[in-house]
Amino acid sequence: MSIYRDVCPNDYIVTYLDSEVVYRHGVPLPEMWVVMEFCDGPSLQEYINNRLRSPQPFSVREVFEIVDNIVHAIGHLHSQSPPVSHWDIKPENFLFTDTGRLKLCDFGSATRQFYAPTSAEEVSAAESELGSRMTLLYRPPESLDLWSKDRVDTKADIWALGVIIYVLVFREMPFDANPMEVMAAVPKRYKGKTQEGCPEEFRALMDIVRTKMLTKKPADRADIFAISEELEGITHLPPLSRPRPGFQSAQRPRFA
Numbered sequence: 011m012s013i014y015r016d017v018c019p020n021d022y023i024v025t026y027l028d029s030e031v032v033y034r035h036g037v038p039l040p041e042m043w044v045v046m047e048f049c050d051g052p053s054l055q056e057y058i059n060n061r062l063r064s065p066q067p068f069s070v071r072e073v074f075e076i077v078d079n080i081v082h083a084i085g086h087l088h089s090q091s092p093p094v095s096h097w098d099i100k101p102e103n104f105l106f107t108d109t110g111r112l113k114l115c116d117f118g119s120a121t122r123q124f125y126a127p128t129s130a131e132e133v134s135a136a137e138s139e140l141g142s143r144m145t146l147l148y149r150p151p152e153s154l155d156l157w158s159k160d161r162v163d164t165k166a167d168i169w170a171l172g173v174i175i176y177v178l179v180f181r182e183m184p185f186d187a188n189p190m191e192v193m194a195a196v197p198k199r200y201k202g203k204t205q206e207g208c209p210e211e212f213r214a215l216m217d218i219v220r221t222k223m224l225t226k227k228p229a230d231r232a233d234i235f236a237i238s239e240e241l242e243g244i245t246h247l248p249p250l251s252r253p254r255p256g257f258q259s260a261q262r263p264r265f266a
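So in the working numbering, the last spot in the sequence shown is 266, and the numbers never skip.
Treat the hints as calculated values from the structure; they're not laboratory data.
Hints are not guaranteed to be accurate.
Said to hold, decoys possible - Taking lysine-lysine and the BS3-like style, the derived pairs with C-alpha atoms no more than 30 Å apart in a straight line are:
{"#": "1", "residue 1": "K159", "residue 2": "K227"}
{"#": "2", "residue 1": "K159", "residue 2": "K222"}
{"#": "3", "residue 1": "K159", "residue 2": "K198"}
{"#": "4", "residue 1": "K100", "residue 2": "K159"}
{"#": "5", "residue 1": "K222", "residue 2": "K198"}
{"#": "6", "residue 1": "K201", "residue 2": "K227"}
{"#": "7", "residue 1": "K100", "residue 2": "K222"}
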């Protein structure tokens with residue numbers, strides 16, 4: 011809850027207002043009740059589902075505006091000192107306001123730590139913890155193969171961003187709920203030599219997704235600020251401001 015408080019207020023985050031630990035008779039464990047901003051629009055997932063019932067694809071403007079909102083939300087988290095990883099970036103966790111802006115919610119998985127387990131005991135603990143914090147369809151390869159020696163950190167959010175953009179463009183998930191497919195990191199539309207069925211107006215965007223976001227190695231993924239700058243050339247929307255000097259970029263290790 012402290013992370014959620016720390017990242018508010020922000021135009022792209024559902025505003026935290028108050029919270030309280032509540033003990034109820036007959037309930038063995040206390041509950042955390044949170045008061046937050048009311049967003050009366052649908053979630054991005056509901057919005058996508060409604061559009062999938064129509065043969066009309068998302069327009070270029072729609073996709074660019076949705077992506078811009080998501081990038082700003084992630085950018086705000088990653089510009090914290092030290093950076094915050096959300097680790098559950100997915101359409102269900104973005105809510106539309108009455109003005110049409112998307113705001114990020116659900117900070118139950120957010121962390122300032124990175125995972126880099128080195129022993130069987132640490133791998134086992136990490137598998138259990140990440141399994142409860144991340145959603146399989148949006149999990150990056152390094153979170154599923156914890157012996158790979160690749161860190162699980164803010165780059166997990168970049169992978170999830172790539173998955174969302176893929177869904178908006180192709181109207182389908184890039185991977186089935188199969189860990190082996192995710193670890194191979196070859197989206198369905200990219201199993202051949204060309205971008206199968208990619209609309210011409212989205213080719214430049216999907217080039218960024220394929221080369222800067224949905225990469226097997228997190229080290230090959232761009233950070234959110236570089237991605238924002240790349241997107242500027244396509245969307246013509248202002249990029250994120252990079253963190254100021256003195257920014258503490260290092261997250262803490264989960265296993266020290």
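Okay, the hints, checked on the actual structure:
1. Restraint check for K159 and K227: satisfied, since their Cα atoms lie roughly 10 Å apart, inside the 30 Å limit.
2. Between K159 and K222 the CA atoms are separated by roughly 20 Å; this keeps the pair inside 30 Å, and the hint holds.
3. For the hint linking K159 to K198, the alpha-carbon distance of about 26 Å falls within 30 Å, and the restraint holds.
4. Between K100 and K159 the alpha-carbon distance is near 25 Å, which keeps this suggested pair within the 30 Å criterion.
5. With a CA separation close to 17 Å, the supplied pair K222 and K198 stays within the 30 Å bound.
6. With a C-alpha separation of about 18 Å, the suggested pairing of K201 with K227 holds against the 30 Å cut-off.
7. Our distance criterion of 30 Å between C-alpha atoms is met by K100 and K222, whose separation comes to about 18 Å.
When held up to the earlier numbered hints, the structure conflicts with none and fits them all.
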